[in-house]
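Chains A and B, in that order, give the protein sequences. Everything in the first sequence is counted per our numbering, starting at 32 for the first residue and increasing by one. Everything in the second sequence is counted per our numbering, starting at 1014 for the first residue and increasing by one.
One should not assume that every hint holds.
These stretches of chain A come out as covered by chain B in the derived footprint (C-beta under 8 Å, 3 or more residues) [what the hints assert, rightly or not]: (1) 56 to 62; (2) 66 to 72; (3) 188 to 196; (4) 271 to 282.
Chain A is nowhere near these chain B residues, computed Cβ spacing over 10 Å in every case [what the hints assert, rightly or not]: (5) Thr1022; (6) Gly1027; (7) Gly1034; (8) Trp1035; (9) Met1302; (10) Gln1316; (11) Val1320; (12) Ser1322; (13) Asn1339; (14) Asn1341; (15) Gly1342; (16) Gly1356; (17) Gly1380; (18) Ala1392.
Derived from the structure by calculation, the hints contain no laboratory data. By construction, the Cβ of each residue, glycine as well, lies at the ideal position given by its N, Cα and C atoms.
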Amino acid sequence: MKKLTHILAGLALALGISPAIAQDGPLRIEITEGVIEPLPFAIPVFIAENAAAQEYAAQLSQVVAADLAGTGLFRQIPRDAFISNVSNFDAPVQYADWKAINAQALITGAVSVAEGGRVNVKFRLFDVFSEAPLGDGLQLGGTTTSWRRIAHKVADQVYSRITGEGGYFDSRVVFVHEEGPKNARQKRLAVMDYDGANVQYLTGSASIVLAPRFSPNGDRVIYTSYETGFPKIYIMDVGTVQRRILDDQPGTMTFAPRFAPDGQTVVFSLERGGNTDIYKLTPGGTAQPLTNAPSIETAPSYSPDGSQIVFESDRSGTQQLYKMSAGGGEPTRISFGEGRYGTPVWSPRGDLIAFTKQHQGRFHIGVMRTDGSEERLLTASFLDEGPTWSPNGRVIMFTRSGSGAGGESALYSVDISGRNLKRVPTPGAASDPAWSPLLP
Amino acid sequence: MPEKLDKSTIISGGAHLGLIGWALIGGVIHWESPAETVTNVSMISGDEYAALVSNSTDPAAAGPEVPEAPETPEPPETEPETPEPPAPETEPQPSEAPPPRAAEVAPDEAPDTSALEPLPEAEVTETAPPAPEAPVAAPDEPPGASLVLDSSRRPKERPAQRVAPTPAVAPEPDAAVDTEMTEAAEPTPAEEEPAQEAQEDTAPEAANTEIVTEAEEPAGGEVVALAPTGSPRPKSRPARRAPEAEPARAETSQDTSDAIADAVADAVSEGQSASEPANATPSRSGPPMTAGEKDALRVAVQQCWNVGSLSTDALRVTVTVLVAMNENGTPDNGSIRMVGSEGGSDDAVRQAFEAARRAIIRCGSRGFPLPAEKYGEWAEIEMVFNPEKMRIK
Chain A
32 MKKLTHILAG
42 LALALGISPA
52 IAQDGPLRIE
62 ITEGVIEPLP
72 FAIPVFIAEN
82 AAAQEYAAQL
92 SQVVAADLAG
102 TGLFRQIPRD
112 AFISNVSNFD
122 APVQYADWKA
132 INAQALITGA
142 VSVAEGGRVN
152 VKFRLFDVFS
162 EAPLGDGLQL
172 GGTTTSWRRI
182 AHKVADQVYS
192 RITGEGGYFD
202 SRVVFVHEEG
212 PKNARQKRLA
222 VMDYDGANVQ
232 YLTGSASIVL
242 APRFSPNGDR
252 VIYTSYETGF
262 PKIYIMDVGT
272 VQRRILDDQP
282 GTMTFAPRFA
292 PDGQTVVFSL
302 ERGGNTDIYK
312 LTPGGTAQPL
322 TNAPSIETAP
332 SYSPDGSQIV
342 FESDRSGTQQ
352 LYKMSAGGGE
362 PTRISFGEGR
372 YGTPVWSPRG
382 DLIAFTKQHQ
392 GRFHIGVMRT
402 DGSEERLLTA
412 SFLDEGPTWS
422 PNGRVIMFTR
432 SGSGAGGESA
442 LYSVDISGRN
452 LKRVPTPGAA
462 SDPAWSPLLP
Chain B
1014 MPEKLDKSTI
1024 ISGGAHLGLI
1034 GWALIGGVIH
1044 WESPAETVTN
1054 VSMISGDEYA
1064 ALVSNSTDPA
1074 AAGPEVPEAP
1084 ETPEPPETEP
1094 ETPEPPAPET
1104 EPQPSEAPPP
1114 RAAEVAPDEA
1124 PDTSALEPLP
1134 EAEVTETAPP
1144 APEAPVAAPD
1154 EPPGASLVLD
1164 SSRRPKERPA
1174 QRVAPTPAVA
1184 PEPDAAVDTE
1194 MTEAAEPTPA
1204 EEEPAQEAQE
1214 DTAPEAANTE
1224 IVTEAEEPAG
1234 GEVVALAPTG
1244 SPRPKSRPAR
1254 RAPEAEPARA
1264 ETSQDTSDAI
1274 ADAVADAVSE
1284 GQSASEPANA
1294 TPSRSGPPMT
1304 AGEKDALRVA
1314 VQQCWNVGSL
1324 STDALRVTVT
1334 VLVAMNENGT
1344 PDNGSIRMVG
1354 SEGGSDDAVR
1364 QAFEAARRAI
1374 IRCGSRGFPL
1384 PAEKYGEWAE
1394 IEMVFNPEKM
1404 RIK
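In isolation and in its complexed conformation, chain A is listed as follows (with noise of 0.2 Å):
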């Protein structure tokens, strides 16, 4: 019986069982759901390698550490959590005492301050579970007055080694700066680190402001003043803070002014006998119409390769979003949803178009593919307006404003995952939020 048994199993197999019993290759797997969560890492204070440095390694990696904990996408370990700390920025690394508190990542770095006042900072990044480098260590040097910048770009270099796209730390942001009540507001001029540091006006406050734009290099900034009793627009020189008007065509208003990438070509709106059209200026030119209808064209934002114009219009009835060739020509409608929709602004990725979308009595910042498609709203408030993109193309700062008389404006960000909606310290009430270029 048992004899019979055996024969019969081994038919069995002979005809082609065997297969499907037996495993062929390695055993396979498919994960398709993971976690999403700030990655825990470690920055120990930098190593002053002499005395003068000891001041500034404190505040050297303070301000790297805020930086990614600031993205959401990081979260730092206490430092009194550390098991073990790094004294010789050299020395081995003891993974295991970091492995023990989870830390993913380790920062480590060390900080000197040569007699003429350099700054010269020297930093690693450690995989701790691979207990392995994450790309090769690098030294940045500056001024001491520029202590932050170099903060700011080892911040970018970590964010850029772990996540894989580029780091927005090193940049700033032109902004107007708001001070009384909403009937009588003063505005002006104002720019300062991503963070809200080192704010510096570039403007007094005897005439209103609006809607500042840097350059792709940002060296300029284009912005809108009611200088002359009209919305004209002016080209300032960030450093020299010298300015001048533009095209400026006798009973017209011009408004919403944007570089082109090429940083030479601009385009704007302007309002002539009670019609607003897009009008392009380039270098030695005169402003040629892109539009030509009698309803209100305005808000134009490039592409990053510069060949499409995204803006808004209320040609169909209601305020939606068009894009059409930066030749001008027929625009194509890309916003079909509810409500209205204003302010694009294109991606310096070129993927996604962010907008201001009003609906049933509220604002909200969203994003939607560059033909309208996969539109998601990130945020909602009050009233929430003007958004302007991140160097990398990750987070959109906007302006936020409360209720009532007395509510102030104020400046936010959020990650384009929707998450990490935060409040960006300014002195006072702030609007119109424009990011600069990673500085160079």
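Could you slot chain B onto chain A? The hints should help.
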């Protein structure tokens, strides 16, 4: 024996005959039964007719029935009546109905263009100077329809493919508000102050709901245009390791000491060698991993697969990682290598692989939940990290 055989044959023969007889008789009965039911019906009606014929002795009784016959012609009278009223009614109705239809259709065709051409021009030129007022007046009347309809019909086509499927077919209220807002955004917010002050916290909720709805239905018609995300993954299976196949064979030969079992093993090996290339040797044998055991491993790995710090580009990368396992269920960290990837740039692939490697090392440091007796099955594991469900959409 012959007696028993005779009895058995007799019994079986009798049983067979009984069966045949039952089949024949039962079949006949079965066939006859429906015929009886049919005849029964006819028989009943025939008797009734015969009884009626025999009982029909009163001719006078038939007389009064005659007037009933003329009553039957009445139905023909009613029949023409029924067609008559509808006929005249329907005839005038179509004559009345067409006018409204013609009135509706006609303006859409030739008459409309001729009649509307002057009107839109007149209104557009009038409303154009006060630019913000033009869109308000336009949607109210047909003249503006030449402009408004073109734009309002488009949203009806595309919302079906959009995340927010409800079309924007309400230009009038929007347009009315639009004129106010374009000039100054302050007045309208001021009117709605109290109701919305406490709603600022709902911002993340709105974002979340939008993300969820897109995540639930990512395969819209428009998304197809962005094809890279949805393409199939024809990944090639990595080359097998020859050395691991040998211990598997040894196990089978040790387990089956019996000569017949050896023959079975030979049959298995022959079957495999016939269906696969010569260099492909069976890697292992024994009971395979159950679905539950594989799920437990999958859950253990995904708990540490953190994609929160990955770039949007890296979230489009699917990486296939091969890892050799120790017998205690921990991964051989040095053996972790990427054997395939799909999508994304080189940097994105590198980031995706590092996130996968971190997941394997972190959650495998204390050993994955794997059945020790099936080590031959999981001595080497190929893990595919597919972030399709984790993408920012």
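Outcome of the hint check:
1. 56 to 62: Since 7 is at least three, the answer is holds.
2. 66 to 72: Satisfied; 5 residues make the cut.
3. 188 to 196: n = 4 at 8 Å, threshold three: holds.
4. 271 to 282: violated (count 0)
5. Thr1022: holds (31 Å)
6. Gly1027: holds (35 Å)
7. Gly1034: holds (41 Å)
8. Trp1035: Since the minimum Cβ distance to chain A is about 39 Å, tryptophan 1035 (chain B) lies beyond 10 Å and the statement holds.
9. Met1302: Methionine 1302 (chain B) is in fact no farther than 10 Å from some Cβ atom of chain A, at 6 Å.
10. Gln1316: It is violated; glutamine 1316 (chain B) is separated from chain A by about 7 Å at its closest Cβ, not greater than 10 Å.
11. Val1320: violated (5 Å)
12. Ser1322: violated (4 Å)
13. Asn1339: Since the minimum Cβ distance to chain A is about 14 Å, asparagine 1339 (chain B) lies beyond 10 Å and the statement holds.
14. Asn1341: holds (16 Å)
15. Gly1342: Non-interface label on glycine 1342 (chain B) holds, nearest chain A Cβ at 13 Å vs cutoff 10 Å.
16. Gly1356: Holds, since 13 Å exceeds 10 Å.
17. Gly1380: holds (15 Å)
18. Ala1392: violated (8 Å)
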